[in-house]
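Protein chains: 2
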Amino acid sequence: MQISKGVEWAVHAASLMAALPEGQGLKAAALARYHELPAAYMAKQLQALSKAGLVQSSRGANGGYRLAKPAADISLWDITAAVEGAKPAFRCTEIRQNGPCAAKPKDCKNPCQIAAAFSAAEQAFRDSLKAVTLGDIGAQFAAHSPQEHLLHIFQWLSSEAEPLSQADG
Amino acid sequence: MQISKGVEWAVHAASLMAALPEGQGLKAAALARYHELPAAYMAKQLQALSKAGLVQSSRGANGGYRLAKPAADISLWDITAAVEGAKPAFRCTEIRQNGPCAAKPKDCKNPCQIAAAFSAAEQAFRDSLKAVTLGDIGAQFAAHSPQEHLLHIFQWLSSEAEPLSQADG
Numbered sequence: 001m002q003i004s005k006g007v008e009w010a011v012h013a014a015s016l017m018a019a020l021p022e023g024q025g026l027k028a029a030a031l032a033r034y035h036e037l038p039a040a041y042m043a044k045q046l047q048a049l050s051k052a053g054l055v056q057s058s059r060g061a062n063g064g065y066r067l068a069k070p071a072a073d074i075s076l077w078d079i080t081a082a083v084e085g086a087k088p089a090f091r092c093t094e095i096r097q098n099g100p101c102a103a104k105p106k107d108c109k110n111p112c113q114i115a116a117a118f119s120a121a122e123q124a125f126r127d128s129l130k131a132v133t134l135g136d137i138g139a140q141f142a143a144h145s146p147q148e149h150l151l152h153i154f155q156w157l158s159s160e161a162e163p164l165s166q167a168d169g
Numbered sequence: 170m171q172i173s174k175g176v177e178w179a180v181h182a183a184s185l186m187a188a189l190p191e192g193q194g195l196k197a198a199a200l201a202r203y204h205e206l207p208a209a210y211m212a213k214q215l216q217a218l219s220k221a222g223l224v225q226s227s228r229g230a231n232g233g234y235r236l237a238k239p240a241a242d243i244s245l246w247d248i249t250a251a252v253e254g255a256k257p258a259f260r261c262t263e264i265r266q267n268g269p270c271a272a273k274p275k276d277c278k279n280p281c282q283i284a285a286a287f288s289a290a291e292q293a294f295r296d297s298l299k300a301v302t303l304g305d306i307g308a309q310f311a312a313h314s315p316q317e318h319l320l321h322i323f324q325w326l327s328s329e330a331e332p333l334s335q336a337d338g
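Respectively, the protein sequence lines represent chains A and B.
Quick note, the first sequence lines up with residues 1 to 169 if you use my numbering.
Quick note, the second sequence lines up with residues 170 to 338 if you use my numbering.
Okay, chain A solo, but in the shape it has when bound (with noise of 0.2 Å):
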């Protein structure tokens, strides 16, 4: 049972869009080397959020990314389940229904203990990261980073950053 890195990354990703000022965006090669990150596969999760709709982009030389929405409204869960996928992580294959026992099919239109149980810590899992969004994740990591930090990530984003002019979506 494993989230991949991807889910790790676009939230760093996206964590460092929220700083961007209004209008600009990022590159997907400076996304992928803010934290030293292969750029293919950094794209790959940009596309993953521009796909949900959580970032939008511009295309061609001044090609940039930047959050769709406010930070407040983007949560964790909404980056996991744009990386991941938002299938259930545990896939009932309804084996209650085979062998010498079989329960029958009209005895079968609800889930089964097992499968509800996990299905209940699923929606605790989701729930739990719901809960948390860009916003807060940015207002946690300003109150506990050295200022100097701080003002070193603002020189960079401004160095970095250029005008979204062609949102494409």
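These are calculated hints, taken from the structure and not from any lab test.
Incorrect hints may appear among the rest.
Said to hold, decoys possible - Not the full set, but computed from the structure, chain B residues with beta-carbon under 7 Å of chain A:
#, residue
1, Met170
2, Gly268
3, Ala289
4, Gly304
From the three backbone atoms N, C-alpha and C, an ideal C-beta is built for every residue, glycine too.
Once you have looked at the hints, place chain B on chain A.
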């Protein structure tokens, strides 16, 4: 993000063992046959349950498995951890310490806000599964299954169960 089929199979097998008469066990092959599952893969799950101390087994011609504890003392998390391991699903690789704005190691003694949020969500998932025991599953199953289905299961169990004479662990 996926929980292996082995977890589903192990929970179903353990739920069946919870219905065994005192001192009786089921062979791995019978536990596999009960849900028409591949015997070798079922045996692998049983070994994982055994290694975690959740089932006891006896070797030899009469080898079999039964629960090592009361059903009320075995949670769905116990079984999940036995089969999947208890490592976190979100594996923080500390990418905050990379790149042009790398955080300093001395400022990274606590998990970053992102890793902490995923850790809390996983704890919610675990807590939810810890709150459900095989005893609960059995009681819910009995309450929601037709009487003739329960009778059928007990008949099958009494024809397949054998005394577990030499419990090896």
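How the hints compare with the structure:
With a least beta-carbon distance of about 5 Å to chain A, the hint placing Met170(B) at the interface is held under the 7 Å criterion. Among the interface hints, the one on Gly268(B) holds; its C-beta lies about 5 Å from the nearest C-beta in chain A, closer than the 7 Å criterion. Nearest Cβ of chain A to the Cβ of Ala289(B): about 6 Å, under the 7 Å cut. The hint holds. The interface hint given for Gly304(B) is violated, since its Cβ lies 11 Å from the closest Cβ of chain A, which is over the 7 Å cut-off.
Against the hints set out earlier in the document, a violation occurs for number 4 only.
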